[in-house]
Amino acid sequence: MKANVMLFAVFPYVAVALAIFVGAYRALVRPSTLSSLTTQILESRMLFWGSIPFHWGIVLVLAGHLVALVLPRGLLLWNTVPLRLLLLEATGLVLGLLALTGVLILAWRRLSDARVRSVTSRMDVVVLALLVLSMATGILTAVLYRYGSVWFTAVFTPYLWSLVTLRPRPELPADLPWMVQLHALNFFVLLAVLPFSRLIHVVTLPLGYLYRPWQVVIWQRSEDARTGLPGRRST
Amino acid sequence: MSHRRTPTRGRLPLLLLAALALFQVPATPAQAATGAELFSGRCASCHGDQGQGRGSFPALAGNPAVADRTQVENVIRNGRGYMPAFPDLAGEEIAALTDYLVSTFAPATATTVPGGTVTTQATGSAAPTTAAGSSGGAIQPGDPTRGEAYFVGGRRFAEAGAPCAACHSAGGAGGLRGGSLATDLTGVTERFGGEDGVAGALAQPAFLVMRETYLDKPLTAQERADLAAFFATLPQEGAGPGILDAFWVWSGLAAVALFVLMGLAWPRRRKTAVEKLRTRGRGDEPPGGWREGSGA
Chain R
83 MKANVMLFAV
93 FPYVAVALAI
103 FVGAYRALVR
113 PSTLSSLTTQ
123 ILESRMLFWG
133 SIPFHWGIVL
143 VLAGHLVALV
153 LPRGLLLWNT
163 VPLRLLLLEA
173 TGLVLGLLAL
183 TGVLILAWRR
193 LSDARVRSVT
203 SRMDVVVLAL
213 LVLSMATGIL
223 TAVLYRYGSV
233 WFTAVFTPYL
243 WSLVTLRPRP
253 ELPADLPWMV
263 QLHALNFFVL
273 LAVLPFSRLI
283 HVVTLPLGYL
293 YRPWQVVIWQ
303 RSEDARTGLP
313 GRRST
Chain U
132 MSHRRTPTRG
142 RLPLLLLAAL
152 ALFQVPATPA
162 QAATGAELFS
172 GRCASCHGDQ
182 GQGRGSFPAL
192 AGNPAVADRT
202 QVENVIRNGR
212 GYMPAFPDLA
222 GEEIAALTDY
232 LVSTFAPATA
242 TTVPGGTVTT
252 QATGSAAPTT
262 AAGSSGGAIQ
272 PGDPTRGEAY
282 FVGGRRFAEA
292 GAPCAACHSA
302 GGAGGLRGGS
312 LATDLTGVTE
322 RFGGEDGVAG
332 ALAQPAFLVM
342 RETYLDKPLT
352 AQERADLAAF
362 FATLPQEGAG
372 PGILDAFWVW
382 SGLAAVALFV
392 LMGLAWPRRR
402 KTAVEKLRTR
412 GRGDEPPGGW
422 REGSGA
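Those protein sequences? They're chains R and U, same order as listed.
Counted from 1, the first sequence has number 265 at position 183 by our numbering; the numbering is strictly sequential.
Counted from 1, the second sequence has number 268 at position 137 by our numbering; the numbering is strictly sequential.
Think of the hints as simulated: they come from the structure by calculation, not from any bench.
Treat the hints with caution; some may be incorrect.
Subject to a maximum C-alpha distance of 25 Å in a straight line, what follows is the list of computed DMTMM-like cross-link-like pairs (lysine to aspartate or glutamate) [what the hints assert, rightly or not]:
| hint | chain 1 | residue 1 | chain 2 | residue 2 |
| --- | --- | --- | --- | --- |
| 1 | U | LYS407 | R | GLU125 |
| 2 | U | LYS348 | U | GLU290 |
| 3 | R | LYS84 | R | ASP257 |
| 4 | U | LYS407 | R | ASP195 |
| 5 | U | LYS348 | R | ASP257 |
| 6 | U | LYS348 | U | ASP327 |
| 7 | U | LYS348 | U | GLU326 |
| 8 | U | LYS402 | R | GLU125 |
| 9 | R | LYS84 | U | GLU326 |
| 10 | U | LYS402 | R | ASP195 |
Every value quoted in this text rests on a predicted model; they were computed, and no experiment measured them.
With these hints in hand, go ahead and build the complete structure from the sequences.
The following block contains the structure:
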């Protein structure tokens, strides 16, 4: 079997199957492990500088990829005006840079802080390395091979839909530069390790809060709140 | 089958074409012997052993231009664009090779060309013998303004193929420079031997990435003519570095600015319960009640 078929037609299904079935197994059998296993209590300063830019960057960039997958025509329409295209590409790049800087800070924190390192597993290091690779290749793709926001819709949108519809077309990404192929493959690798790592916490996104019934919260009021002066500092 | 790809829906015309081509080879066995040898020696290295094309080397299989004997002989003799001439071939060798190419790769009729159905409709009553040579028959002459609109994406292709500027730049066309995934198209008209060459190459693009992405989204004959006309208006040299070549610098600066904003937010962030306990323990903040709740 050709490497291309292996990597772009077989492996994606393996990765998705692992993500779904191992993820479901973990959720059913060991539900308490569906967690990011936060270490904020051990170190919070570097976490702030790493986690916040990383998560804002990665979530918005992933959302952008999703838009290109679901609304390719809308995206193309947006990109017909050069200034809008420029804004979109630059925004994506800024968010990618935020995410990369953030994950580098997180990696540094994890390895340099003794308390955090003592609770670090090998899989944590693997995940961090994969994330760094993902963002580095993504940023290089954006800089070297513009305009990803347009050609994604011509190459990866039909490719990903061909996977979804079970008629894979691995030839579509076959001719792309290796940097772009690595970026795409790395995504499927991340998907495959997701259920085996702390990445599983993506499923704990509390979307239920958006539609759960309201509830009354009664606070045990503080000194400050009673005086009606929020944030007041006594002298 | 040309690409050894999984047969899926929409590939039927290609399969039919390949089958036709196979059936036609034994029809002229005497000529095909030397023609085939010449093909594998002189052509297959670039155009692929099945004539399927490779990289920027156009496919011969199913290429309407291959149906035109005169054009084929001319290209072999004189070369075209990047393709070298073959002055060392004798007249009968060129004839044998041409016979082989036409019988093996030319579409049997215009209707079997994958993605070429529009051509057939456009050329309408063109006789099969002249179909390949008259691919610009009933369509209007290419309009460079429309071509530019197709290029930058302001005008959408009928089959929803991606605009050229997604991957290509072409001088400073479109106000901003185009993409950098693929080559710059400055001078493409010369490289492909005129507007017809460009339009022909777009009929069944054999280039990397394009080959697959336009497989099910072919350009119509009119669109190809418009684009070719637009490329013909481009200046000979490409534009200098454009504004976009530095857009990663701006983006880097913007990212730094966002970190500065974060720095402003750091002292004002909501402290965790643990941090509060710690600071209270040190006595540098007066005791306050609990602000954290569990039901937010």
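Checked against the structure, which of the hints given earlier come out wrong? 9
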